[in-house]
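**Student:** Here's the letter readout for the chains.
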Amino acid sequence: MQSNHTSATAPEPITIETNPDHEVRSLDTMCINESEQKHPAWYNVKYLLVGLWFGIVFVKAEVISWFRVQEMFHFQSFHMYGVIGTAVVVGAISVFLIKKFKLKTIHGEPIIFHPKQFNKGQIYGGLLFGLGWALTGACPGPLFAQIGTGVTVVLVVILSAIAGTWVYGYFRDKLPH
Amino acid sequence: MLEMLKQPWPWYVAGAGIGLIVPALLLLGNKHFGLSANFRHVCASCFPGNVKFFKYEWKKEIWNFVFVIGIIGGAFIATTLLADPNPVVVNPNLEASLKGYGITDYSSMVPKDIFSWEHLFTLRGLIMLVGGGFLVGFGSRYAGGCTSGHSIMGLSNLQWPSLVATMAFMVGGILMANFILPYILNL
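Sequences listed follow chains A and B, in order.
Under the numbering used here, read the first sequence as residues 1 to 177, first letter to last.
Under the numbering used here, read the second sequence as residues 178 to 364, first letter to last.
This is chain A alone, in the form it adopts within the complex (with noise of 0.2 Å):
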């Protein structure tokens, strides 16, 4: 009799090994970095050459502004509406291009894709993120370009964010999910 989860064979177990909760990553998005390969630390500088042309577009887009946040929260613009709908256009298309073809990295890695557990977290902790991003205007992303476009008084909700985040993991076998 052999179970899916025996170690012995092959490489799908990758889900577990950095934390042997298994719960902490099924209900979370993060940790979920599949990459078993080992690279030197300067092959890091793809991911900031992409957050690069994340911060310009952001700022360029207006994102990050609190006054676009305001108005799509007020129905009084599309502005926002069409920035995250064509964002998930494209990609949708570029994930299901990804499936199709079974694209791998560029060093030959399979892409990894994994479906993510409803619980009630997703409602109680989005509604609580919802409150949150409209007063601040900004989700994470724009807040670190906020700091980029040099409004340096966004360290502080950065600073309590990490707070919040750590209120959280604290507290977290007492919340519902």
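Derived from the structure by calculation, the hints contain no laboratory data.
There's no promise every hint is true.
[Stated by the list, open to error] Below 25 Å or equal to it, Euclidean Cα-Cα: the simulated BS3-like pairs (lysine-lysine) are:
(1) B:232 with A:38
(2) B:289 with B:276
(3) A:102 with A:38
(4) B:229 with A:174
(5) B:232 with A:174
(6) A:120 with B:232
(7) A:120 with A:38
(8) B:236 with A:38
(9) B:236 with A:104
(10) B:229 with A:120
(11) A:174 with A:120
(12) B:289 with B:183
(13) B:237 with A:38
(14) B:237 with A:104
Guided by the hints, dock chain B onto chain A, whose structure is given.
**Tutor:** Here is chain B on its own, set in the frame of chain A:
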């Protein structure tokens, strides 16, 4: 050309530019687009305490810190080399209602009448920056991701839990902006 780049970019250019990050990260190294995880990595690397949630091999996630440094750098380039000298153009209705709360400065991406060191220690400054930041961090981790992880990456991968999360983000934001924020801005 440079003059064109300095104008605010239309939504379809920006949307496509952001959407292409999804395949870029996947093809460059099997990385799933997501940014709020960085807050968790900071906790895990700096003060994990005795919390199991922060005990993992964060060094594997350094790429995400590098990605963030890139975002900060890109934003800096966009505001220096590609700067648009004109203030943000917003919906006149919004402009009128914000004026009632003393928000008149459109020179920055954020209203400096609230988002500045000198206004940080006012009641509304503390609620919006410290309280808002806390909710963003707590909520995104509770939801298992933020706008990038759920609304872009999750929806691109057609995950319905991400659609639930995205709708919750929007409901929370609409509630705050329309029904709660007016009271906070009046403080």
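**Student:** Could you run down the list of hints and mark each one as holding or not?
**Tutor:** Each hint, compared with the structure:
Straight-line distance between C-alpha atoms of residue 232 of chain B and residue 38 of chain A comes to about 21 Å, which keeps the hinted pair within the 25 Å bound. With a C-alpha separation of about 13 Å, the suggested pair residue 289 of chain B and residue 276 of chain B falls inside the 25 Å cut-off, and the hint holds. Only pairs whose Cα atoms come within 25 Å are accepted, and residue 102 of chain A paired with residue 38 of chain A is accepted, the gap being roughly 22 Å. The hinted pair formed by residue 229 of chain B and residue 174 of chain A meets the criterion: a straight-line CA distance of about 13 Å does not exceed 25 Å.
Taken as a hint, the residue 232 of chain B and residue 174 of chain A pair is honoured in the structure, with Cα atoms around 18 Å apart against an allowance of 25 Å. For the proposed pair residue 120 of chain A and residue 232 of chain B, the alpha carbon gap of about 23 Å is at most 25 Å, so the pair holds. Of the pairs offered as hints, the one joining residue 120 of chain A and residue 38 of chain A is violated, with about 36 Å between alpha carbons and a cut-off of 25 Å exceeded. The straight-line distance between the Cα atoms of residue 236 of chain B and residue 38 of chain A is roughly 12 Å, inside the 25 Å bound, and the hint therefore holds.
Only pairs whose Cα atoms come within 25 Å are accepted, and residue 236 of chain B paired with residue 104 of chain A is accepted, the gap being roughly 24 Å. A distance of roughly 20 Å separates the Cα atoms of residue 229 of chain B and residue 120 of chain A; the hinted pair therefore holds under the 25 Å criterion. For the suggested pair residue 174 of chain A and residue 120 of chain A, the alpha carbons sit about 13 Å apart, so the restraint of at most 25 Å is met. A C-alpha spacing of about 22 Å is found between residue 289 of chain B and residue 183 of chain B, which places the hinted pair at or below 25 Å, so the restraint holds.
Pair hint residue 237 of chain B plus residue 38 of chain A holds up; C-alpha atoms about 10 Å apart against a cutoff of 25 Å. Note on residue 237 of chain B and residue 104 of chain A: the hinted pairing holds, with a Cα-Cα distance of about 20 Å set against a maximum of 25 Å.
Violated hint for the displayed structure: number 7, the only one.
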